[in-house]
Amino acid sequence: MQTFKCMVVEDEPLAADVLHDYIANTPFLILAQTHPDAVSALEGMRHGEVDVIFLDIQLPKLLGLDFLKILQHPPQVIITTAYNDFALAGYEHNVVDYLLKPIEFDRFLLAVNKLKTSNTSVPVTLAASVPEENESLFLNSGNKRIQVYFRDILFIESLRDYVKITMLKKCVTVKMQLGQLEMLLPAQSFIRIHRSFIIARSKLDAYTATSVEISSFKLPVGRSYKELLVSRLENNSKQ
Numbered sequence: 510m511q512t513f514k515c516m517v518v519e520d521e522p523l524a525a526d527v528l529h530d531y532i533a534n535t536p537f538l539i540l541a542q543t544h545p546d547a548v549s550a551l552e553g554m555r556h557g558e559v560d561v562i563f564l565d566i567q568l569p570k571l572l573g574l575d576f577l578k579i580l581q582h583p584p585q586v587i588i589t590t591a592y593n594d595f596a597l598a599g600y601e602h603n604v605v606d607y608l609l610k611p612i613e614f615d616r617f618l619l620a621v622n623k624l625k626t627s628n629t630s631v632p633v634t635l636a637a638s639v640p641e642e643n644e645s646l647f648l649n650s651g652n653k654r655i656q657v658y659f660r661d662i663l664f665i666e667s668l669r670d671y672v673k674i675t676m677l678k679k680c681v682t683v684k685m686q687l688g689q690l691e692m693l694l695p696a697q698s699f700i701r702i703h704r705s706f707i708i709a710r711s712k713l714d715a716y717t718a719t720s721v722e723i724s725s726f727k728l729p730v731g732r733s734y735k736e737l738l739v740s741r742l743e744n745n746s747k748q
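For the sequence shown, the tail end lands on 748 under the numbering used here, and the numbers increase by one without skipping.
Please note that the accuracy of each hint is not assured.
Claimed, not checked - In the BS3-like style, the derived pairs of lysine-lysine whose C-alpha atoms are separated by at most 27 Å in a straight line are:
no., residue 1, residue 2
1, 727, 679
2, 625, 673
3, 653, 684
4, 514, 578
5, 678, 610
If you're looking for bench data, these hints aren't it; they were derived computationally from the structure. Note that the structure is predicted; figures quoted are calculated from it, not measured.
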């Protein structure tokens, strides 16, 4: 199995310790460097190669996303942050995943499972991996785990620390962040249209610059998501 040399860029000692522990308990990860800010991380990259960076966004001296802009040939990057407001900007930099603090170990494993190997460019496989795309997920709802089929989802709404999944015949509420669930969905089938809403591409009936219509529901389109929505829809229509 290919191993990955990791760099942790994190100014909070406790958060860095959590990542150190998770890396130590993942067989194919090796902790190579740790830096409290992006400036020292830049210097560190001059003295040793790394395969993946666990990067906080709110860093002193230089913000994490500004650090990414400087790198001409960045390694794979996994964002680690307490804020979900930067998810869209992170995706524009082709990050592997976007982890919201506090980070649980199972969510960490899902993220590193997406790392690409240099030889085959396919994800490393773990025993507890994300289900195949276009199938389903098992999610915790109340005191039980329920199976949610992607094909049944109309849209997903953020309710602070919960998400509400509206499906063809029922609704389910799950305790997790919208950004966390977004990373478990097949990217080609779902579109983020608002900081609080994700829609199923195939269930879209109509849209304008400010809203979309799905079944009997009318949902808002966030200003920062408008271009992404139009781009995704136009690209799909050309295929």
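Status of the hints after comparison with the structure:
This hinted pair checks out: residue 727 and residue 679 have alpha carbons roughly 17 Å apart, not beyond 27 Å. With a CA separation close to 32 Å, the supplied pair residue 625 and residue 673 exceeds the 27 Å bound. This hinted pair checks out: residue 653 and residue 684 have alpha carbons roughly 12 Å apart, not beyond 27 Å. Between residue 514 and residue 578, the direct Cα distance comes to roughly 21 Å. Compliance with the 27 Å bound is thereby established for this hinted pair.
Between residue 678 and residue 610 the CA atoms are separated by roughly 33 Å; this puts the pair beyond 27 Å, and the hint is violated.
Of the hints listed earlier, those the structure fails to meet are numbers 2, 5, in rising order.
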